[in-house]
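*Asks:* From these two lone chains plus the hints, build me the complex, please.
Read off the chains here:
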Amino acid sequence: MSDKYPPIVNGKSVYDLESGKYLKMWQGPQHPGVTGNMSLELIISGDQIVDCKTHVGYLHRGFEKLMERRRYINCFPIVCRICVPEPDTNEYLFAAAMEDLMGIEVPERAKWLRTLNMELSRLASFLMWIGGQSGAFGHGTVAQWALAHRDFVLDLFEEWTGARIYHMYTTPGGVRGGTPEGWDNHVERVLQGVEKFLTEVNHVMFNNAVFKSRAVGLGIIAPDMIDRFGVVGPVARGSGIVRDTRKDNPYLIYDQLDFNIETETAGDVYARAMVRWKEMHQAISLIRQIIKRMPRTGPLHITLPNVLHLKVPAGETYVRAESTRGEYGYYMVSDGTIYPRKITVRGPSYSHAMALLEHLAVGVNIADTHGLMLSLHTYPPEIER
Amino acid sequence: MKQLDTELSKQFTLSDYVEQRPELAFVTVEKQQLVPLLTYLRDTKKYTHLVTLTAVDWLEVNQFQLTYLLHNYETHTDIGIRVKLDRDNPVMETIHHLWEQARVYQRELHEMFGIDFPGSPGVEEPMILEGWQGPPVMRRDFDTAKYSLETYDHRKRDTREPEIYMKEKLYPED
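Here the protein sequences come in this chain order: A and B.
Heads up, the first sequence is in my numbering, so the first residue is 1 and it goes up one at a time.
Heads up, the second sequence is in my numbering, so the first residue is 1 and it goes up one at a time.
Only chain B is shown next, with the shape it has when bound in the complex (with noise of 0.2 Å):
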């Protein structure tokens, strides 16, 4: 995975290279270069197959982080690609004419992270989450727990205590 890396820098900025076991290594590349560098693995090196392709919010330094991951199923060996992207204006080109499940995960990012993937089809398209007016869920900012507590009305169940509900029942002169 070593070699692979030495000879994609010489064409592509890459940048973090991890190697977290033989067959699985990560490498961070500048959002520009991302969809040659996707075409050039899945043309020129056999990275044929798309596995995922997610996003990591990372809250702290304002960053979403995406992840394209990629399979060789001549070598069997995995390569993620990570892209990092301004939290603020979180736009990134469309992969959807590499593979065409791309758009279905693209579709989802935009819901769940509100990342932008202009010319995708049906990106703007509510996937799960129809008619929700709030903020896109999965980022980190959003709590659930805070939302649930604000939007819904917690009734407070009528519970009794049985022994003295049946001493209140069977004997109320007592």
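Just chain A, with the same shape it has in the complex (with noise of 0.2 Å):
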């Protein structure tokens, strides 16, 4: 074991790929395996992985850059396309940090709206994820499944918002509508198949022999690596730390609801799963209680001024959410023009992919890397904004 790996220098493995000892072996972008657009550079000796480097900027599309030259209001539909399967955390949070700085106070109803929007597209992301962890482990079959009742929930969006993916439905100082007549009881058929889908992934996925035993002891994160990697959501819950923004940073109406932070303590590929899975059945829960309890009457949204030529007070300010992934962030700085001095994006996916992926991923088979990927739920567009 130990002359497998290569000898450390200077904090960077040194080997000689002339010597017939390790072979530098290319993953992605155009792999059927990784997540989105990235590549890993594997360094293999036999089928073990003995260094990983992620490399990033296949999508790279200059957000942050755009948003520097644009009004605020055009800075909207941008923000949305960070993170393509869960975009209402991004649009939910550019209005947050808005109405931060401008003092601007939401109606209760647009509260209601915004949290239903958020658990439901929580919903749409896990099932996408499901998708990714049952395919990288070889179960075809549950990915499609899975996917089939993510495309129930968007059908349930299109409805309530006009659009499947990019709903652009939180706007600054509130909602754009409220949910159309007869909604409720679709919500709840659609509710009612996938919670019959996640029995039946319990006995196909968590109780299979060949996902437990690929799943079960790979990719541990321990508890003291937590901080020292910046490592948040069900990542870290997975690894038995009890964190939740939800719960810890109260936003929106997340304080009324009756939930609770569910962990793990195993911290390895399997125990992420199964929080996951757990979140799953909380963001049902969720949805439930507050379609039952969300008033039905009252504004909206606030009147804002012309958007066109709104200007912000000079400010910096920063927001945070729970989004699958985990704690998502925007820092804004504005210096009181109508266009925003910077805005920074804060996704998770930046530390799990680059920093924490390296560093799991050495001393893994070849061939669970993807499972391992997939554990850590990365979404490329967070890294390169």
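Source of the hints: derived by calculation from the structure; they are not laboratory data.
Ideal placement from N, C-alpha and C gives every residue a C-beta, glycine not left out.
Any given hint could be a false lead.
Claimed, not checked - Covered, in the sense of this in silico footprint (three residues per stretch, anywhere, with C-beta under 8 Å from a C-beta of chain B), are these stretches of chain A:
1. 58 to 64
2. 242 to 255
3. 307 to 319
4. 322 to 334
5. 338 to 348
6. 352 to 361
*Replies:* Below you can see the structure in the form of structure tokens.
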């Protein structure tokens, strides 16, 4: 074992590719197992990874630069494109950062609808993750099955907001509209379908011998690594860390809802998958609570002055929310003009997919790379905003 | 948060304290005192989570502002530490020994703003803009629209007015 790994000099592994002992292998950006447009440069010895480097830059659209040259309301259709499977967190945080700087209080009904929007998109994002995680371990059927259910959730979004992927629903100052008539019943029908599917997933995936033997003990994150690598969200909760932005720094109406922080203690791929499975049940429960209790009348948004000439007072702020990957944040600096001075998007994938993955991949079998990567639930657009 | 600022002021040279929300404050510190301050906050004050590290370009006053945002998981408060750098010679001490993910942030800042962090592993390697030869792109004096117009050949599209086109095609004798 010890002579398998190359010697480390000045924090870098030194290996001689000519020796025939090591082989350099690229996985991605066109590899079907890699999440999105990123690639892994792997140095392997036998079938074991001895060094891993993450390469990003295949999806760079320069969101932060684009936003510096646009008026606040023109930035709004841009932000949701930073994360494709879960755009609503971006929409909410952009609006919340603006509202914080301007001192705007959002109407009560809009807060409930924003929460509903984010929980529904959390469900859709987790369903997409199940597709990836099961597919990476060879369960293609579960993947297709999960994506079908995600499409039913997208149908709900289409009926509600008019769009399937980029909803652009949460506008600065409120939301665009209420829920359509009879929509609640459609939600309930989809939720029942997802619940049934989750039970089946438990049988087919979590109790499957292949899945268990590959996921248990893979990519263990020890609790002392959490703060050192800046690990957040379900990945941290899989290691027994009881942290959730929705509980710790309550925003919107999360302090009025009834839910607990779901954790597991093993810290491996299986534990992280289990946390997400529990959180899908949690999201379903939260959606039901919101639909039951949300106010049906009242204003949806406050009246803003002409948004094209809107000046945001000078200052800086940071707002955060819990996305499916963990803490998501927007750092906004305004210089008092109609253009934002600087908007920095803090995506959880940034620290997970670069520093953490490079650390965890060492010693892993090449066949398990994608299962490991998917278990960190990374979305490359957050890295190269 | 004000109490923390008063306490820190005894040891560090702090200025421009702004309390944005009861749980979020920003403060500026001298460049030389940043690493001791971050170490103190992390080890003594339980600000153990580096939320983000980013830069703001203040072109008018020829300065870069680095913002280190730290979070305390026990009191659930955030503190943003600002550091002003000279825009002509932007060099800052590295903090990758405090948080592992800081080297990725520093690598990005080196590429996007041209801020150097000597000693940070792999800081010189290109991260997103592989093969880019021009100035650091996130600086405010780099105009993307101007660059695009100068660099790329904007061909004119052949467009036809449908009414005239159909008329010419179907009834050329008219």
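*Asks:* All hints are to be evaluated individually against the structure, with a verdict given for each.
*Replies:* Results of checking the hints against the structure:
1. For a cut-off of 8 Å, the count of residues in the segment 58 to 64 of chain A with a CB near a CB of chain B stands at 3, and the three-residue condition holds.
2. Coverage of the segment 242 to 255 of chain A by chain B holds. Counting CB-CB distances below 8 Å, 3 residues qualify, and the rule asks for three or more.
3. Chain B is given as covering the segment 307 to 319 of chain A, and this holds because 4 residues of the stretch bring a CB closer than 8 Å to a CB of that chain, at least three being needed.
4. Against chain B, the segment 322 to 334 of chain A contributes 4 residues with a C-beta closer than 8 Å to a partner C-beta. That satisfies the three-residue criterion, and the hint holds.
5. Coverage of the segment 338 to 348 of chain A by chain B holds. Counting CB-CB distances below 8 Å, 4 residues qualify, and the rule asks for three or more.
6. Only residues whose C-beta sits within less than 8 Å of a C-beta in chain B count toward coverage, and the segment 352 to 361 of chain A has 4 of them, enough to reach three; the restraint holds.
The earlier numbered hints are all upheld by this structure, with none contradicted.
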